[in-house]
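Colleague: So the chains spell out like this:
Number of protein chains: 2
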Amino acid sequence: MADNSFGKQSKLNAVPWKYCTVSYKNRNLLVKFEISETSYQLFVTDLVHLYSEQLLKTDLHSRTQKLNPKIEVPTNRLLQEIESILSEASSWNTGKMHYLVEVREVAEAPVLKVESYLAGVPFLWEFYLQSEHGEQFNKQVVSPLLYMVAELQRQQRELIARLKSKDAEIDNYKASGATVSRKQMETLPFNEENFRNDMNIMKDVAENLKMAVPNVFSKDAQKLYEYVVLASYEAQTLKSLTGC
Amino acid sequence: MADNSFGKQSKLNAVPWKYCTVSYKNRNLLVKFEISETSYQLFVTDLVHLYSEQLLKTDLHSRTQKLNPKIEVPTNRLLQEIESILSEASSWNTGKMHYLVEVREVAEAPVLKVESYLAGVPFLWEFYLQSEHGEQFNKQVVSPLLYMVAELQRQQRELIARLKSKDAEIDNYKASGATVSRKQMETLPFNEENFRNDMNIMKDVAENLKMAVPNVFSKDAQKLYEYVVLASYEAQTLKSLTGC
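Heads up: the sequence lines are chains E and Y, in that order.
If you count by the numbering used here, then the first sequence holds residues 802 to 1045, one letter each, in order.
If you count by the numbering used here, then the second sequence holds residues 802 to 1045, one letter each, in order.
Chain E with its partners taken away, still in its complex shape:
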């Protein structure tokens, strides 16, 4: 796998995390994965540790036989089922689907055990996860968060600039004597300092943070996750070209 590991890994790097409804040692897990025609690779994190498993065709079959001695299933059908299981991480154990997922600890790493049905027959799968090192944790967890902050800051500068343009337009109407017909539609001019103070109300911030993990890794934020990670490769190229 050494030959294409960079390519494969880069692709998985930009795949957004999915928030899971199962926890390990009291922390909710996040999952990201990539399925090819003959293998799967997945990462799991609790935001403290990072775990991974990459399984190739031969091992896929030996594990199927071990866990499901009575089932004969072609590789593509097996990978389809694994893809379905992993795609549904955000509703595992919520009763919305037929997957039952348990996490247990083996050699200080989680094993995800999934009970499912394949063509009407009970089907069991286990993901044996291995601990990843800090460099990989940085690449999969820390850097994407950092890039999201940087990008949201840039978007914020743009939104503030647009608010200021709207204020200039409004001032122009007012200067020519225009008034709003419905008083409640009139807005206060945007003031950045007031905005920051308004936002910095502990109770409101805290209320929002209660759902920080699911929200930061929600569907809405996945597009952002994906494009900041892809842009980071470009940034690294720019950096090495310009030397800054």
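These are computed hints drawn from the structure, not numbers from a lab.
Don't be surprised by glycine CBs; every beta carbon is placed ideally from N, CA and C.
Please note that a few of the clues may not be correct.
Derived lysine-lysine pairs resembling DSBU-like cross-links, with alpha carbons at most 35 Å apart [unchecked claim]: (1) K1024/Y / K1040/E; (2) K1024/E / K858/E; (3) K812/Y / K1020/E; (4) K940/Y / K812/Y.
Anything over 10 Å on all C-beta distances counts as not near chain E; from chain Y, calculated [to be verified]: (5) E835; (6) L856; (7) D860; (8) L868; (9) P870; (10) V874; (11) S888; (12) S891; (13) G896; (14) E906; (15) V922; (16) P923.
Guided by the hints, dock chain Y onto chain E, whose structure is given.
Modeller: For chain Y alone, kept in the frame of chain E given last:
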């Protein structure tokens, strides 16, 4: 120190990181610290590893004597100097100050060696850092980034709501026949989907990401860092009260 370690640590948790102009193994370091009347505690990270040192009064003096056998200095003066050194992390080695900082590796952790002047006399200090575990890395690095993303998303929702209010006000002027006297002041109605597409231009995102680390930990973002970490304690309390 066990008695007040929670209190002390909580305070240091909310202290924002300072971006350093020195690197360790090709990665720039970030520093945060707290100085009390008789001790200091600091954290250093390269966003892959976390290191820390806490030094109490007795050890402060023995280290001063070891490194500077000819200098006699009271604890408060010594800690003042250490505070000055750490406060200037963002300009170490830039020639803007008289501190010369070197990082070397001892037992797989960095030692920060600072050459300075104390009352006109050459003064040497060394911070012997120790590796911290993943839980602490989560607390000091990952969670604050996560909270910053969550808070910036909330601020973005608010800015977008304000833009929409401005558009409603502008529509009201237009409906009553008002026009802008200077055409270039007229803005397009805010459209969230267009905004996301406009922002997602790889080259612009990449350009911004080149400075992600210094910008995310810049002076502007420090206030945000501080208040999201403080709010996270409140969020934990709310969570345990409401059970969600």
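Colleague: Decide, hint by hint, whether the structure agrees.
Modeller: So, going through the hints one by one against the coordinates:
1. K1024/Y / K1040/E: 28 Å, holds
2. K1024/E / K858/E: Holds: K1024/E and K858/E sit about 31 Å apart, inside 35 Å.
3. K812/Y / K1020/E: Roughly 34 Å between the alpha carbons, so the hint for K812/Y and K1020/E holds.
4. K940/Y / K812/Y: 12 Å, holds
5. E835: E835/Y is indeed farther than 10 Å from all Cβ atoms of chain E, at 21 Å.
6. L856: 25 Å, holds
7. D860: 28 Å, holds
8. L868: Nearest chain E Cβ is 31 Å from L868/Y, so the label holds.
9. P870: The assertion about P870/Y holds, with a minimum of 38 Å to chain E.
10. V874: Holds: least Cβ distance 38 Å, greater than 10 Å.
11. S888: Since the minimum Cβ distance to chain E is about 23 Å, S888/Y lies beyond 10 Å and the statement holds.
12. S891: 17 Å, holds
13. G896: The assertion about G896/Y holds, with a minimum of 18 Å to chain E.
14. E906: For E906/Y, whose nearest Cβ neighbour in chain E is about 15 Å away, the distance exceeds 10 Å, so it holds.
15. V922: It holds; V922/Y is separated from chain E by about 38 Å at its closest Cβ, greater than 10 Å.
16. P923: Nearest chain E Cβ is 33 Å from P923/Y, so the label holds.
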